[in-house]
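Numbering that gives the first Met the number 0 puts the sequence shown at residues 0 to 349.
Keep in mind the hints are simulated off the structure, nothing from the lab. From the three backbone atoms N, C-alpha and C, an ideal C-beta is built for every residue, glycine too. Incorrect hints may have been included.
[What the hints assert, rightly or not] Distance condition first, Cα-Cα at most 30 Å in a straight line; then the derived DSBU-like pairs of lysine-lysine: (1) K286 with K98; (2) K161 with K129; (3) K129 with K98; (4) K129 with K286.
[What the hints assert, rightly or not] Distance windows between CB atoms, simulated: (5) V218 with N141: 21 to 27 Å; (6) R248 with E169: 20 to 26 Å; (7) H208 with R349: 32 to 38 Å; (8) G222 with D93: 41 to 47 Å; (9) A91 with G24: 24 to 30 Å; (10) R238 with A75: 21 to 27 Å; (11) T325 with R233: 51 to 57 Å; (12) N256 with H63: 43 to 49 Å; (13) T227 with T325: 50 to 56 Å; (14) E20 with I262: 43 to 49 Å.
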Amino acid sequence: MTMLTDLTLRHFRCFDALTCEFSPGTNVFIGPNAQGKTSLLEAVCVLLRLQSPRITRLAHAIQHERRGFVLDGHFAERHLQFYLARERKKLALDEVEQKTARQFLEIARVVWFSNPDIQIVRGGAEHRRKFLDFVAMQVDPNYRAHLRSFERALRSRNMLLKSARQTWREIAAFDRPLVEAGNYLTAARGRLVTELDPTAAAAQAAITHHAETLALRYVTGSGEQFATALESARPEDSRLRQTTFGPHRDDVSFSLNERGAEIASEGQQRSIALALKLAQAQLLTDKFGAPPLLLIDDIFGELDVSRRNALLQHLPAHAQQLITTTHTDWMQKAQGAAIFDLSSGKLSPR
Numbered sequence: 000m001t002m003l004t005d006l007t008l009r010h011f012r013c014f015d016a017l018t019c020e021f022s023p024g025t026n027v028f029i030g031p032n033a034q035g036k037t038s039l040l041e042a043v044c045v046l047l048r049l050q051s052p053r054i055t056r057l058a059h060a061i062q063h064e065r066r067g068f069v070l071d072g073h074f075a076e077r078h079l080q081f082y083l084a085r086e087r088k089k090l091a092l093d094e095v096e097q098k099t100a101r102q103f104l105e106i107a108r109v110v111w112f113s114n115p116d117i118q119i120v121r122g123g124a125e126h127r128r129k130f131l132d133f134v135a136m137q138v139d140p141n142y143r144a145h146l147r148s149f150e151r152a153l154r155s156r157n158m159l160l161k162s163a164r165q166t167w168r169e170i171a172a173f174d175r176p177l178v179e180a181g182n183y184l185t186a187a188r189g190r191l192v193t194e195l196d197p198t199a200a201a202a203q204a205a206i207t208h209h210a211e212t213l214a215l216r217y218v219t220g221s222g223e224q225f226a227t228a229l230e231s232a233r234p235e236d237s238r239l240r241q242t243t244f245g246p247h248r249d250d251v252s253f254s255l256n257e258r259g260a261e262i263a264s265e266g267q268q269r270s271i272a273l274a275l276k277l278a279q280a281q282l283l284t285d286k287f288g289a290p291p292l293l294l295i296d297d298i299f300g301e302l303d304v305s306r307r308n309a310l311l312q313h314l315p316a317h318a319q320q321l322i323t324t325t326h327t328d329w330m331q332k333a334q335g336a337a338i339f340d341l342s343s344g345k346l347s348p349r
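From just these sequences and the hints, can you work out the full model?
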């Protein structure tokens with residue numbers, strides 16, 4: 000079984016230092032709010048995926064008045080180390096420093112569940128793009144590089160559009176890298192939504208006891224031909240001083256019982272968000288022949304007891320789970336799980 004066996008962290012969020020050893024199955028971290036439960040799961044995600052589901056800039060996770068944080072752990076017998084300071088970062092895999100993140104990121108896959116996931120459904124399109132990117136970077140080893148290339152070209156193009164004297168010869172110099180990287184992202188995101196759609200529909204049916212049907216549709220922001228749309232949009236880009244076509248305008252639409260999900264109740268929207276995460280977990284399991292690590296951050300207070308346990312029952316079989324909660328009275332799977340108390344940044348096994 001591929002699993003995270005241990006984690007050591009220093010100067011990350013509220014933790015000065017912490018070491019934890021994990022069991023293969025269910026690991027439950029119990030404690031009041033604001034004790035570091037979410038930060039512990041975040042540290043796991045940052046170590047394995049080099050990104051946080053909570054913040055864009057990882058430097059914001061450095062403990063106050065410290066120079067940097069250190070994360071160290073073992074996954075599937077591979078030793079991963081990540082050091083980040085405001086002025087530099089360092090990756091090491093099996094004690095060998097890595098010049099790029101590619102091999103490092105091929106070690107582990109992760110699914111993150113949290114209450115803010117509802118924003119994927121009811122929030123702005125940026126939340127849905129972030130979800131697609133997080134999944135796509137785990138499915139496709141080339142996706143991350145293309146996303147970074149697109150973001151660099153977009154920043155440069157928009158900077159020139161915002162300049163006092165716009166020069167289209169200079170602006171157009173970024174069109175080719177923008178289109179090349181953008182077309183790759185569009186194709187990858189379109190495939191991903193197509194693959195997630197039936198699995199998300201099945202998960203939604205399971206969560207709601209077949210009372211609701213869910214469908215996903217990818218909405219491209221690039222038009223049918225990105226290069227043509229980009230050229231045609233020059234007057235509008237010049238007027239608005241920003242690039243108006245491209246994957247940075249992508250979206251995903253949801254329909255519930257053949258109606259737009261924007262009119263769904265909060266409970267229904269939460270079910271859609273959970274269905275998407277379950278679909279992600281199943282997709283990663285099918286792609287790589289092993290379930291991803293599941294990081295489940297205190298989502299149960301928003302669900303009734305029946306749905307809480309239904310969710311746990313529909314997680315991929317044999318997946319390692321790190322779960323945070325304030326109590327386990329409702330949890331049918333608590334028996335046999337590794338239970339930890341977390342308070343004031345201190346961790347103690349029961």
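The hints, checked one at a time:
no. : hint                       : in the structure
1   : K286 with K98              : holds (27 Å)
2   : K161 with K129             : holds (25 Å)
3   : K129 with K98              : holds (25 Å)
4   : K129 with K286             : holds (20 Å)
5   : V218 with N141: 21 to 27 Å : holds (23 Å)
6   : R248 with E169: 20 to 26 Å : holds (23 Å)
7   : H208 with R349: 32 to 38 Å : holds (33 Å)
8   : G222 with D93: 41 to 47 Å  : holds (45 Å)
9   : A91 with G24: 24 to 30 Å   : holds (28 Å)
10  : R238 with A75: 21 to 27 Å  : violated (53 Å)
11  : T325 with R233: 51 to 57 Å : holds (55 Å)
12  : N256 with H63: 43 to 49 Å  : holds (48 Å)
13  : T227 with T325: 50 to 56 Å : holds (54 Å)
14  : E20 with I262: 43 to 49 Å  : holds (47 Å)
Hint 10 alone, counting from the list given before, is not met by this structure.
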